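> Given next are the chains, with one letter for each unit.
Protein chains: 2
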Amino acid sequence: MKLETTYKSNNYPIIIEHHALDQLRDYIKNYKDIVLVIDQKVENEWSHITNFIATEYEAHKLIIPSGETTKTLAFYEETIESLLSKQLTRNTCLIAIGGGATGDFTGFLAATLLRGVDFIQVPTTILAHDSSVGGKVGINSKYGKNLIGAFYRPKAVIYDLNFLNTLPYSEILSGYAEVYKHALLNDIESVNHIESQYPDEQALKSLNEIEYYLYKGVQTKLNIIVADEKESNVRKFLNLGHTFGHAVEYKLKIPHGHAVMIGIVFQFIVANITLNKSFDVAHYVNYLSDLDYPLDVINALDFEPLYQLMLNDKKNDEQGVQMVLLNDIGNPVVKHIDYTTLSQAFETFKTYFNK
Amino acid sequence: MKLETTYKSNNYPIIIEHHALDQLRDYIKNYKDIVLVIDQKVENEWSHITNFIATEYEAHKLIIPSGETTKTLAFYEETIESLLSKQLTRNTCLIAIGGGATGDFTGFLAATLLRGVDFIQVPTTILAHDSSVGGKVGINSKYGKNLIGAFYRPKAVIYDLNFLNTLPYSEILSGYAEVYKHALLNDIESVNHIESQYPDEQALKSLNEIEYYLYKGVQTKLNIIVADEKESNVRKFLNLGHTFGHAVEYKLKIPHGHAVMIGIVFQFIVANITLNKSFDVAHYVNYLSDLDYPLDVINALDFEPLYQLMLNDKKNDEQGVQMVLLNDIGNPVVKHIDYTTLSQAFETFKTYFNK
Numbered sequence: 011m012k013l014e015t016t017y018k019s020n021n022y023p024i025i026i027e028h029h030a031l032d033q034l035r036d037y038i039k040n041y042k043d044i045v046l047v048i049d050q051k052v053e054n055e056w057s058h059i060t061n062f063i064a065t066e067y068e069a070h071k072l073i074i075p076s077g078e079t080t081k082t083l084a085f086y087e088e089t090i091e092s093l094l095s096k097q098l099t100r101n102t103c104l105i106a107i108g109g110g111a112t113g114d115f116t117g118f119l120a121a122t123l124l125r126g127v128d129f130i131q132v133p134t135t136i137l138a139h140d141s142s143v144g145g146k147v148g149i150n151s152k153y154g155k156n157l158i159g160a161f162y163r164p165k166a167v168i169y170d171l172n173f174l175n176t177l178p179y180s181e182i183l184s185g186y187a188e189v190y191k192h193a194l195l196n197d198i199e200s201v202n203h204i205e206s207q208y209p210d211e212q213a214l215k216s217l218n219e220i221e222y223y224l225y226k227g228v229q230t231k232l233n234i235i236v237a238d239e240k241e242s243n244v245r246k247f248l249n250l251g252h253t254f255g256h257a258v259e260y261k262l263k264i265p266h267g268h269a270v271m272i273g274i275v276f277q278f279i280v281a282n283i284t285l286n287k288s289f290d291v292a293h294y295v296n297y298l299s300d301l302d303y304p305l306d307v308i309n310a311l312d313f314e315p316l317y318q319l320m321l322n323d324k325k326n327d328e329q330g331v332q333m334v335l336l337n338d339i340g341n342p343v344v345k346h347i348d349y350t351t352l353s354q355a356f357e358t359f360k361t362y363f364n365k
Numbered sequence: 011m012k013l014e015t016t017y018k019s020n021n022y023p024i025i026i027e028h029h030a031l032d033q034l035r036d037y038i039k040n041y042k043d044i045v046l047v048i049d050q051k052v053e054n055e056w057s058h059i060t061n062f063i064a065t066e067y068e069a070h071k072l073i074i075p076s077g078e079t080t081k082t083l084a085f086y087e088e089t090i091e092s093l094l095s096k097q098l099t100r101n102t103c104l105i106a107i108g109g110g111a112t113g114d115f116t117g118f119l120a121a122t123l124l125r126g127v128d129f130i131q132v133p134t135t136i137l138a139h140d141s142s143v144g145g146k147v148g149i150n151s152k153y154g155k156n157l158i159g160a161f162y163r164p165k166a167v168i169y170d171l172n173f174l175n176t177l178p179y180s181e182i183l184s185g186y187a188e189v190y191k192h193a194l195l196n197d198i199e200s201v202n203h204i205e206s207q208y209p210d211e212q213a214l215k216s217l218n219e220i221e222y223y224l225y226k227g228v229q230t231k232l233n234i235i236v237a238d239e240k241e242s243n244v245r246k247f248l249n250l251g252h253t254f255g256h257a258v259e260y261k262l263k264i265p266h267g268h269a270v271m272i273g274i275v276f277q278f279i280v281a282n283i284t285l286n287k288s289f290d291v292a293h294y295v296n297y298l299s300d301l302d303y304p305l306d307v308i309n310a311l312d313f314e315p316l317y318q319l320m321l322n323d324k325k326n327d328e329q330g331v332q333m334v335l336l337n338d339i340g341n342p343v344v345k346h347i348d349y350t351t352l353s354q355a356f357e358t359f360k361t362y363f364n365k
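First to last, the protein sequences are chains A and B. Take the working numbering: the final residue in the first sequence is number 365, and no numbers are missing along the way. Take the working numbering: the final residue in the second sequence is number 365, and no numbers are missing along the way.
Since the hints were made in silico from the structure, they are not lab data. Hints should not be assumed to be uniformly reliable.
Copies of one chain are not kept apart here, so a pair can be met inside one copy or by any two copies together.
[As the list claims (entries may be wrong)] Cross-link-like lysine to any residue pairs, in silico, SDA-like; alpha carbons within 20 Å at most:
1) 152 / 97
2) 146 / 128
3) 146 / 126
4) 12 / 172
Computed from a predicted model, the values in this text were never measured in an experiment.
Starting from the given sequences, assemble the full structure and let the hints guide the process.
Below is the structure:
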């Protein structure tokens, strides 16, 4: 499957297929220099592939620490100086092979090397489908994630699904949270469809048809981002589950997607209280627990520190905590939620695990 | 005087006037946070002004090392972390008060802080008129100048000519080289006009009417850059005098503009040889010597090391040294020049100082 972004300019293709890497040649044949920037964990599993590409295209190979640990200013400095020592010209393409963090880091390198060179993303995780649109690249500051960065689009995203075969289940769960979130932002049919495709852990592990859901996820995110260019604030919808999720993630240091799923359930509870909705929270708790999301970790948490973390969220304004809530499936709104409501929702959430 | 850039989008005003700073308010009234990034030397002379602005707009003040010494990765890291510690939002404007280096550094901070915040340039040197168009921002690598950076435009350039009153003459000379270069790229009338305005050191020191020539210089550069968006390579014309000039600058560590003027004279000699022109080289040697440019430093140089430096220039390709030559005043061309011609021109250049 292939789709093309629909920005006003600087569009790029996103190819989502098994063996998509076979098409890499079409996108890199005209560059003088190619640099593969590869996550260490991916290199451990797939060096036969990365070596093949390096030989085939006479590319430099640069192995970087796995995940977020690579996104420091110190490592950025070391890496960009090392790239510059190779006397690269602006006719260079960096190819990020790894998850979201590898893409963020490589994209920021590309954005700032010689005032900007091209880059291509080769995502190797499910979660990375989320960062394959949006053009956000960057590294972390000691004051927070992604605070140093740019908006800089890749020339292509080449999503070779073969890489997903070696993903641990925990990584699958983390990525599935954003896929599921995109279904919730889309419509009720999308949600029913994905839940019936992946009713339990065994089904999700198989990753059958995942290409369809990645495609839909990318498309949903793209539609929102392009709409945001005209109507500001729509982009905030993508934070569904993230306000509470980020607080839990920060507190418990659990994978991003696990925390986002907890945030998504929390959001249903808040919507029931504050928007007078009657979402079937038990359904979501049961479904996600069947998939093995550790929702019950919230039993070990206190509200007060989470509230303080929610207040620090950079999407807030002077009026306090802002959340994305579903008015209905596929129909998100952004609302300020007061302390009492948040606290009440938190206690309600805990009751699902105290039976 | 005021002009507006003529890019396809993201245009900005360039105001060139005495007391232009009085108009700063119009451009910064809507920001939540303002940060003044000030060159140490400027702060030494003009702290009464910068303090006034800081108080008036409740701005943070950040004093940075003077000139190119500020443009290191280490200092970038220190500065961006310090800015992030202030919990700035994206509704922040950085104001660069200083010369070209201050603008380059501040622009790169702005380009990468929180994925991009606005910035305004307040140039305090003549040379900085050159970097007020073109959108180039960046810092230096240990492998060369400006190798880490981005294309990122300011929201406004506010050129308050009062700052020029305290410029040392050496700085005036360095800036005048680019002003004069822009006249050479423009037409013969511009050159005659500027030479009669500034026939000698005393006249140039007065900086009478400099606002007109800065305006013309900015306009010439802008025209070339905008033309380059359609017809690639026109931008190279701006390197007039820079191929040989950069080599001399690197070798002797003299100010940029002094070296560029030497490069401009060299270029006339090469044009006479290779394009069969009859530029009056003695006229340029005499005029620029009267202004006190140290043209005779080339007497102390050998050709071979300069040639090696010219070969390293990043504008070259496989065919060797590329130079911008004037076919006529106002009519530049880009040509590959061979070793023999360059060497011959170099020896000819020396004869002007061996009489």
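> Look at each hint and say if it fits the structure.
A quick look at each hint next to the structure:
Taking the shortest Cα distances, residue 152 and residue 97 sit within 20 Å of each other only across copies (12 Å), while inside one copy they are farther apart (31 Å). Taking the shortest alpha-carbon separations for residue 146 and residue 128, both the intra-copy value of 14 Å and the inter-copy value of 17 Å come in at or below 20 Å. For the identical chains of this complex, residue 146 and residue 126 are neighbours both inside a copy (15 Å) and across copies (11 Å), given an alpha-carbon limit of 20 Å. Proximity of residue 12 to residue 172 under the C-alpha cut-off of 20 Å is restricted to the intra-copy arrangement: shortest distance 16 Å within a copy versus 58 Å between copies.
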